[in-house]
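A.B. asks: Residues per chain, in single letters:
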Amino acid sequence: MKQVFKRPESLRDVSFHFCPGCHHGIIHRLVAEAIDRLRIRTKTIGIASVGCSVFLYDYFDTDVCEAPHGRAPAVATGVKRVHKDRIVFAFQGDGDLAAIGTSEIIHAANRGENITVIFVNNTVYGMTGGQMAPTTMLGQHTTTTPRGRSFLGDGYPLKVSELLATLEGCSFVARVAVNNPANVRRARKMILKAFEMQVNNMGFSFVEVLSACPTNWKMTPLDALKRVDNELIPYFPLKVFREKTIPDKL
Amino acid sequence: MGRIQIDIERCKGCGLCVATCQKELIHIGEKINSHGYHTAQIHNKGECVGCANCAEMCPDVAIEVWR
Amino acid sequence: MNDSRKRLINGNQAIAAAAIDAGCRYYFSYPITPQSEIPEYLSLHLPEVGGTFLQAESEIASINMVLGASAAGARAMTSSSGPGISLKQEGLSYMAADELPALIVNISRTGPGLGGIAASQGDYFQATKGGGHGDYRIIVLAPSSVQEMYDLTIKGFDLADTYRTPVMILADSVLGQMKESVVMGGRKKSTPTKKDWALTGCEGRSPSIIKSLYLDGDKSSEHNRKLFEKYQRIQKNEVICELNRCKDADLILIAFGSAARIAKTSIETAREKGIKVGMLRPITLFPFPNQQVRDISTNIKDILVVEQNTGQMVEDVLISASENARVTFYGKPSGNVLEAEEILCQIERCMNKVGT
Ligand SMILES: Cc1ncc(C[n+]2csc(CCOP(=O)(O)OP(=O)(O)O)c2C)c(N)n1
Ligand code: SF4
Ligand code: SF4
Ligand code: SF4
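In order, the protein sequences belong to chains A, B and C. Positions 1 to 250 (the working numbering) are the ones given, in order, by the first sequence. Positions 251 to 317 (the working numbering) are the ones given, in order, by the second sequence. Positions 318 to 673 (the working numbering) are the ones given, in order, by the third sequence.
Just so you know, the hints here were simulated from the structure itself, not pulled from any lab data. Since we're looking at a predicted model, the values are computed, not measured. Don't take every hint at face value.
Quick partial rundown of chain A residues pointing at chain C, CB under 7 angstroms, derived from the structure [said to hold, decoys possible]: (1) Arg-39; (2) Lys-43; (3) Ile-45; (4) Tyr-57; (5) Asp-61; (6) Asp-63; (7) Pro-68; (8) Ala-74; (9) Thr-77; (10) Gly-78; (11) Val-79; (12) Val-82; (13) Arg-86; (14) Glu-104.
Note that the Cβ used here is the ideal one computed from N, Cα and C, for glycine as well.
Starting from the given sequences, assemble the full structure and let the hints guide the process.
C.D. replies: Here's what the structure looks like:
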């Protein structure tokens, strides 16, 4: 028998601090697999954001720079402008990217910065205790929407992939989920493609991953999987929104 | 034919692998690891087909698969 | 190497030219008056030397681009004024914590709020006392001529690399807009130090991390102690101040930057009138020349502090001055520029008091 599934080498041999059933771990693994697959570990510089994924540097066996809350795309821009031949990726939550960091993400995308951003959309602020995020669903109860998110006053959940897909600077924009094996395998492909875009100097690449936060959703990990299917995907469709063709693959 | 190995020290007993295995070969057992989690265990090892669905879903990268 | 050249340029251009001469190749900023000649110059000339000029979407983004470029091992710089410098404080706090070198230029303007574009020294507290959150300092250099705008910019990059800390040039529109003849180049080349901590991808070494999060109490105090010890080293080794005509003086005027420049005229006039006044001009605002102020005020009791604000540096003078010193403060709220005449009046008032 041949080993068909093992821990990616770009992930350090330590346990995650994430809560049981948290999808951050799956997403970390998929990014590490893409790095392994492209053999870019020693060329890669990760940018950690502020949120539950802040400890990126504990998990990835690559160089990592921490960024202030929401500023990862700007920090990534600075790193990439200096090291054009290195691979730079940012890993951001939905509070980080879609609230405080909206400006940085839109402009990095619009400049076509040759970086890759992995966007973890779990519809809440995980690290600070489950407050409303810009992506929180209408009616969703959070610690700061005790009566459920209402359009009046709170607005609609922000569709970041759709927004970014309108920008010419983006080489690749896709939304994926990791709530069943088929979705995980599709997510793996999309994340790999996003990194390939960067390797081929195609400009800004972006993958939004719908992610479960069982703790703040106050659900079992299994019910959280179902919520992704029943509530999130209908509003946040899984789709490749934009994809440029890599020239030598024409 | 397949085989899986679960690193119970990494396992947090979330049950995602249990729900994923269509052959229903995994359950959360009585065994408690050093972090205090009841951990996943495989029964009926012989029936594993090595599809790796359980490993794909494990958020803690606790499962390795051979086929 | 001898590439010495003399040019008639304004203070902002001198800073920009010095940045290129110092080997800075990465500049990120957001437009604001009265520092516009810096981005204008660099947008033209940085690409000529293979450098990167990027006009960012905000000051917050630009300081974080500087953070990234610095983490990647490059000499990087940003410039701004008042409201923009306020927005950069988050990044400055992170860079101080991350121990990342960079040069930040503040061609300050009047505040608070949107204020105005006239000269002001109202950002002294913000610059020297940390500015952002947490227990940190950055090195602050205060030029008072166009030549110093050039020289201190180069020195700033060197200090930033040596101590792995952000360095700020604190000037204002008087210095930024003023044209003077400047000798550029012609000195030992400023060389960026080897940065083995920089993020380059971990080829042939174990991965490097740049971060500021320390949840563990012991690690956090260890980190803060390390920063504190660095600031003590800076305080011990890097103070620069100018002493001018102090030997025979009965009164010492203390001022920095543009205020010091204007006060120099007042001192000349006073001298012509037979009033023996000298000047102590802090060039490093952090580290502040505490010892120099203490020493001089032990011998010469009368001190006049002049600032283009309502009293900021004077607090550092009061902390430093000897117990018997008589410290008088004259501050002009920013808006209208200090005039040599009014400073002369203050000098005369002080001397009359001395007489009585
Ligand atoms: C400037 C600033 N404001 C607020 C915070 C507090 N804070 C830490 S993490 C976080 C939200 C993180 O949520 P998200 O980005 O959705 O990531 P998650 O934890 O859900 O993965 C906030 C608001 C901070 N660290 N800095
Ligand atoms: S709080 Fe939510 S996002 Fe954070 S680790 Fe726990 S489950 Fe994951
Ligand atoms: S590899 Fe497939 S069959 Fe084997 S335990 Fe895992 S899910 Fe079940
Ligand atoms: S999915 Fe992983 S962590 Fe969860 S129960 Fe199974 S082995 Fe344990």
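A.B. asks: If a hint holds in the structure, say so; if it doesn't, say that too.
C.D. replies: Right, here's what the structure says about each hint:
no.: 1; hint: Arg-39; in the structure: violated, 12 angstroms
no.: 2; hint: Lys-43; in the structure: holds, 4 angstroms
no.: 3; hint: Ile-45; in the structure: holds, 5 angstroms
no.: 4; hint: Tyr-57; in the structure: holds, 4 angstroms
no.: 5; hint: Asp-61; in the structure: holds, 6 angstroms
no.: 6; hint: Asp-63; in the structure: holds, 4 angstroms
no.: 7; hint: Pro-68; in the structure: holds, 5 angstroms
no.: 8; hint: Ala-74; in the structure: holds, 4 angstroms
no.: 9; hint: Thr-77; in the structure: holds, 5 angstroms
no.: 10; hint: Gly-78; in the structure: holds, 2 angstroms
no.: 11; hint: Val-79; in the structure: holds, 4 angstroms
no.: 12; hint: Val-82; in the structure: holds, 4 angstroms
no.: 13; hint: Arg-86; in the structure: holds, 5 angstroms
no.: 14; hint: Glu-104; in the structure: holds, 5 angstroms
Checked against the numbered hints above, the structure violates only hint 1.
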